[in-house]
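Colleague: Here are the chains, one letter per residue:
Number of protein chains: 2
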Amino acid sequence: MADVNRSWRLAARPQGMIKDSDFAWREEPVPEGLGEGEMLVRTLYLSVDPTQRGWMEMDTYMPAIGIGEVVRAGGVGRVVRSNAPGFSPGDLVSGLVGWQDYAVMGSTGFVAPFKLPPGVPPTMALSLLGLTGLTAYFGLLEVGRPKETETVVVSGAAGATGMVVGQIAKIKGCRAIGIAGGPDKCSFLTGELGYDAAIDYKSEDVAQRLRELCPKGIDVYFDNVGGDILEAALGNLAMRGRVVLCGAISGYNDMRNTRGPRNYLSLLIQRGRMEGFIVTDFAAKFGDAVREMAGWVAAGRIKDRVDVVEGLEQAPAALRRLFTGANVGKQLVKVSD
Amino acid sequence: MADVNRSWRLAARPQGMIKDSDFAWREEPVPEGLGEGEMLVRTLYLSVDPTQRGWMEMDTYMPAIGIGEVVRAGGVGRVVRSNAPGFSPGDLVSGLVGWQDYAVMGSTGFVAPFKLPPGVPPTMALSLLGLTGLTAYFGLLEVGRPKETETVVVSGAAGATGMVVGQIAKIKGCRAIGIAGGPDKCSFLTGELGYDAAIDYKSEDVAQRLRELCPKGIDVYFDNVGGDILEAALGNLAMRGRVVLCGAISGYNDMRNTRGPRNYLSLLIQRGRMEGFIVTDFAAKFGDAVREMAGWVAAGRIKDRVDVVEGLEQAPAALRRLFTGANVGKQLVKVSD
Numbered sequence: 003m004a005d006v007n008r009s010w011r012l013a014a015r016p017q018g019m020i021k022d023s024d025f026a027w028r029e030e031p032v033p034e035g036l037g038e039g040e041m042l043v044r045t046l047y048l049s050v051d052p053t054q055r056g057w058m059e060m061d062t063y064m065p066a067i068g069i070g071e072v073v074r075a076g077g078v079g080r081v082v083r084s085n086a087p088g089f090s091p092g093d094l095v096s097g098l099v100g101w102q103d104y105a106v107m108g109s110t111g112f113v114a115p116f117k118l119p120p121g122v123p124p125t126m127a128l129s130l131l132g133l134t135g136l137t138a139y140f141g142l143l144e145v146g147r148p149k150e151t152e153t154v155v156v157s158g159a160a161g162a163t164g165m166v167v168g169q170i171a172k173i174k175g176c177r178a179i180g181i182a183g184g185p186d187k188c189s190f191l192t193g194e195l196g197y198d199a200a201i202d203y204k205s206e207d208v209a210q211r212l213r214e215l216c217p218k219g220i221d222v223y224f225d226n227v228g229g230d231i232l233e234a235a236l237g238n239l240a241m242r243g244r245v246v247l248c249g250a251i252s253g254y255n256d257m258r259n260t261r262g263p264r265n266y267l268s269l270l271i272q273r274g275r276m277e278g279f280i281v282t283d284f285a286a287k288f289g290d291a292v293r294e295m296a297g298w299v300a301a302g303r304i305k306d307r308v309d310v311v312e313g314l315e316q317a318p319a320a321l322r323r324l325f326t327g328a329n330v331g332k333q334l335v336k337v338s339d
Numbered sequence: 003m004a005d006v007n008r009s010w011r012l013a014a015r016p017q018g019m020i021k022d023s024d025f026a027w028r029e030e031p032v033p034e035g036l037g038e039g040e041m042l043v044r045t046l047y048l049s050v051d052p053t054q055r056g057w058m059e060m061d062t063y064m065p066a067i068g069i070g071e072v073v074r075a076g077g078v079g080r081v082v083r084s085n086a087p088g089f090s091p092g093d094l095v096s097g098l099v100g101w102q103d104y105a106v107m108g109s110t111g112f113v114a115p116f117k118l119p120p121g122v123p124p125t126m127a128l129s130l131l132g133l134t135g136l137t138a139y140f141g142l143l144e145v146g147r148p149k150e151t152e153t154v155v156v157s158g159a160a161g162a163t164g165m166v167v168g169q170i171a172k173i174k175g176c177r178a179i180g181i182a183g184g185p186d187k188c189s190f191l192t193g194e195l196g197y198d199a200a201i202d203y204k205s206e207d208v209a210q211r212l213r214e215l216c217p218k219g220i221d222v223y224f225d226n227v228g229g230d231i232l233e234a235a236l237g238n239l240a241m242r243g244r245v246v247l248c249g250a251i252s253g254y255n256d257m258r259n260t261r262g263p264r265n266y267l268s269l270l271i272q273r274g275r276m277e278g279f280i281v282t283d284f285a286a287k288f289g290d291a292v293r294e295m296a297g298w299v300a301a302g303r304i305k306d307r308v309d310v311v312e313g314l315e316q317a318p319a320a321l322r323r324l325f326t327g328a329n330v331g332k333q334l335v336k337v338s339d
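First to last, the sequence lines map onto chains U and D. Per the numbering used here, the very first residue in the first sequence carries number 3; after that it's consecutive. Per the numbering used here, the very first residue in the second sequence carries number 3; after that it's consecutive.
It is possible that some hints are incorrect.
Identical chains share a label here; the pair holds if one copy fits it or two copies do between them.
To be verified - Derived DSS-like pairs: lysine-lysine, alpha-carbon spacing no greater than 30 Å straight-line:
| id | residue 1 | residue 2 |
| --- | --- | --- |
| 1 | K149 | K287 |
| 2 | K117 | K218 |
| 3 | K218 | K287 |
| 4 | K172 | K218 |
Think of the hints as simulated: they come from the structure by calculation, not from any bench. These numbers were taken from a predicted model, which means no experiment stands behind them.
Chain U extracted, bound-state conformation (with noise of 0.2 Å):
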């Protein structure tokens, strides 16, 4: 076991594209003390997730990260000692480890850690089966609404969320289409995870495309980015038509010039619903959603993918891949083995 712990901490707001120098870098003792109810534990995996990027910056609906504090994230770990009642050494646990080697950590509480099902990678622990995918099938099936055959569409439909929720559409007997950037992505969707159609917004006229795709109109829009594309499935809503805001991943560098949707009228010609979600809302039935979507995985029915950045160093680097949409599947750093 090192002695050191290694952590990244915000040194600035970020202005628009997170820098490097946003972070500071620091080298200090492990922590050796342990509190009563706390325990220590090993990174292993972090979480690379799109609202990152707002807790470093404003509070959302989490506080903003201070100035000088360990970057917030999930994630999987080791215990090492524990306090903890219910924890041991050697078990795995999920949860806000932060950017950083070892992190002492609450046992209970609105984001109290907890342990891996056996059997359970802890790669699948952070995306499908983790809050990524969560949030895609309580979003898709709580928020969404989808029926059978109805048309279900997807924003960032090849990060960690959008394949899901595309995937998660065809179980449940739906048409889901996909938007992405680029072939590979695209081919992706359409291939391995047996989407019905993928549109590349790098080289498509989007809102053409939907037209065509979708004739009768789009039922659920499931929307991770924001700006233009957005406003083209707003542009192709059918009739009482739901878009779940899960995103906006587009505004994310640049929060305080968001751009609202020009067309949001036609919620009002389509009769539609846009309603936002967080995850945890549904905090109450994480474990009946981790159960059906193990067993859909168990069955083949549903696939994971994850794109794995190696060492702690590269977690800011990692971070910015999000944004220039360089991942496929659930970005992950892996911190130790």
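For this one, chain U is given, so just place chain D on it according to the hints.
Modeller: Positioned in the frame of chain U, the structure of chain D alone reads:
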């Protein structure tokens, strides 16, 4: 009975605020023959509605008015001759009479005319107990779904629909806050109509006043105006707040350049819902709703207010009054006695 049918025809698709030259005045003989199921109706009052501006420019939830056609408008008239079963000379009917003295109307279909309930004055049949009041009723109760003690905010609150929204909110045990332009309208809201508070958007900072008046946030925001005021409301939305999209009069004179609400992601942070509707979707429940509202009128629990301009010649000017905010209550044109 006059033997001339005067009418306003659409001469050009308006750009920006409507001009007199967008319309052509025509005088023709009153139609003689009637087809099977048709009736000839003498116009008494015309309903003046923001949605007419949309009809003049483009296809929306109804096709655009054709160039050369009589300007589409709701109204109340008296049956002069009838080949329509169930309609007799002398009956008062509400329907799409258009900007003209005499309309030949069918008696079936989506926008079929209907006889006024006994005892309902023609002006109230176009206002509180007409589509305008029904818009408030169904938009608030079926889309916004306020619960007792919740805070309901409505924009365009001294307009035809807005004035009804706040009064129904009060009947349902909610706090009602209206946004309107000028001190006269604001005192009309808090004085005559019983709103809990009013915000004068012409002299007050709407976002700031909403923060003060709604410390727990807005539970239901009924939007008639769009633009800055929609943004101010979204910025003060309560957790699980609902935005009812009824209209966006601030943008109707420039529909191709409507601005979207920049802070639409408040819907995500607050788990909010923004939903549009068209009152005719609730047609099957109109009878029950009118009976309930007529009961409130009889009990003195809700008031109507109409703003009448005299003469068919004034129809374009009357429509312009909506966009300058000149009207208090429902704008009507009186065409004949």
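Colleague: Take the hints in turn and mark each one as holding or not.
Modeller: Comparing the hints with the structure gives:
Within a single copy, K149 and K287 get their C-alpha atoms as close as 21 Å, and across copies as close as 26 Å, so both meet the 30 Å cut-off. For a Cα distance limit of 30 Å, the shortest separation of K117 from K218 qualifies neither inside one copy, at 45 Å, nor across copies, at 36 Å. When the C-alpha separation of K218 and K287 is checked against a cutoff of 30 Å, the pair qualifies only between copies, where the shortest distance is 27 Å, while the shortest distance within a copy is 33 Å. Taking CA atoms no more than 30 Å apart as the test, K172 paired with K218 passes inside one copy only; the shortest distance there is 18 Å, against 40 Å between copies.
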